[in-house]
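Let the hints inform the model, and build the full structure from the sequences given.
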Amino acid sequence: MLPVGLMFIALQRTAFGDIRPWGVSFQIVLALCAASGVPGGAERGAWMGFVMGLMFDLGSAAPLGQHALAYGLAGFTAGLVNVVAVDPHWWLSMIFVALGGGVGEFAIPVIQTFVSNGGWQGQRLGRTVAVIAISCGLLAPLLIPLSRWCLAIRKKTWKVPAQ
Amino acid sequence: MPVYSVNRRRAIILLVLSSVLLLTLDLRGNPVIDRMRSVFSRVLTPFETAGEVIATPIRNAWHGATDYQSLARENEKLRDELARGRGDQLAARAIYGDYQELLTLNGLTAKYPTTTARVVGGAPGNFRQTVEIDRGSSDGILVGMPVVNFAGLVGKVTKVYDNRSVVLLVTDSDYTIECKVSGVDAAPVDSSSTPLNSTPSGINRADLSTTTTQPLATTTPTTAVGRSSGNANANPGATTTTGVAGTGSGTTSSSTAPALVERETGGCQGRGPGRLSAMHYITENPVFGTINVGAVISTTGGSKSLAPPDIIIGEVINKIERSGSAGPILEIKLGADLNHLNLVQIVRYRPPPEVPSG
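Those protein sequences? They're chains A and B, same order as listed.
Residue numbering for the first sequence follows the working numbering, beginning at 185 and increasing consecutively.
Residue numbering for the second sequence follows the working numbering, beginning at 98 and increasing consecutively.
Treat the hints as calculated values from the structure; they're not laboratory data.
Mixed in with the good hints, there may be bad ones.
[Said to hold, decoys possible] Simulated DEER-style distance windows between Cβ atoms:
no., chain 1, residue 1, chain 2, residue 2, range
1, A, 311, B, 447, 34 to 42 Å
2, A, 337, B, 231, 36 to 44 Å
3, B, 418, A, 275, 46 to 54 Å
4, B, 378, A, 335, 46 to 54 Å
5, B, 418, A, 335, 55 to 63 Å
[Stated by the list, open to error] These stretches of chain A come out as covered by chain B in the derived footprint (C-beta under 8 Å, 3 or more residues):
no., stretch
6, 200-206
7, 227-236
8, 251-261
9, 288-297
10, 308-322
All C-beta atoms in this analysis are idealised placements derived from N, C-alpha and C, irrespective of residue type, glycine included.
See the structure below:
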């Protein structure tokens, strides 16, 4: 998980920091954290998000714990998909990863409001959260298998019980 | 499966508490965390190098697909600006020479040594306006040092590691700096009943020959001294005297052409990405003239300022009037293009507020 996380953080800082469709930088680390909640469940998603967020904070100028909390919430939220379905459909997973991504991105300025003067960006916040949520949802089919591999979780298989 | 199971509740409580603890430790300034960041930055370096290799073609393809038209337009526009800039540069060079001469005469110097750095990374998130540069504590960089490029103020150093530093940009909402407006048009004078050769209007004459924050327009025919850094549309110091019909013999109207002076000071604050920086806390008094679009904003310097004096920040492109005693808000177009930073200079000036006490 750590090398994959480091690679994603490096990509976030190099490629995705510069590519900004609609003025918004895609957050692939956040998307990975949210995606990890689907195979791992809410608790593992939260911890995966927490660890990845800590790494992200260490690699950036953000206060340590800011992204850890936000990404943890993202993983937790996406993991709640397991509450509504034991083996969720791909589209349901996408929706929950999008929700997780949206919650995580929204949490960042909220936390920032408590730890510094800045934070809320007015109308821009709505657009940012929407773009991030949609991008996380679209990336979900790629990132869910990757996070399943990172967390060493086998895909659920169902067997008909022997009579 | 219930939404609020004990394990789940425990996980979320632990997550929140751990994060709050870490935030508190970091915000209070913890050397262990600073060391961890430094180590992590070294660990991340090879991954970033690999990421850069992967990212470069992706980035080029993206910019090629999305920016081609705007680049072509920008290229044309820049050619025009370059042609105009050549003329301005010659004029500015002459003015700068005078300025340096005046500083020398007064025993002052505005020179601080600088270190050139390359911008190696942008802000990875959507809510902080920072860039990373390839110079750090090993190059003598300290927290708080202002960062500029040839177009003006860029920001200030907020974190320093061995071989890199993080620069908070002037557009970040956490960034505020004291600044002043130059190039204010002096108040138009309505003096139809002013007798010829009236006495000076109370302005210290000494002020008329030096750069001051006082208004320089007077009701008497006198020479006002404008600042060279102002708007070049007006002709500083030009004085006209015109007769006014119907006001009786011997009565003239005397008016001074708009002089470009320094006038107001205030606080310049970033307002986040995509939004113009703004200058607040201005108490505009019409008697002293008006601040117009195009006025130049620069740093004030002084014991509480984050940067030395006279670093250009940008120009006023919009003025938002407010009712009551609240002064106007000036929206500023920054001189430096923060979206395309490449080389910057760190001014080796440690602002007094950034020097650790004790």
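Hints, verified against the model:
no. : hint                      : in the structure
1   : A:311 x B:447: 34 to 42 Å : holds, 39 Å
2   : A:337 x B:231: 36 to 44 Å : holds, 40 Å
3   : B:418 x A:275: 46 to 54 Å : holds, 52 Å
4   : B:378 x A:335: 46 to 54 Å : holds, 53 Å
5   : B:418 x A:335: 55 to 63 Å : holds, 58 Å
6   : 200-206                   : holds (count 5)
7   : 227-236                   : holds (count 4)
8   : 251-261                   : holds (count 6)
9   : 288-297                   : holds (count 5)
10  : 308-322                   : holds (count 3)
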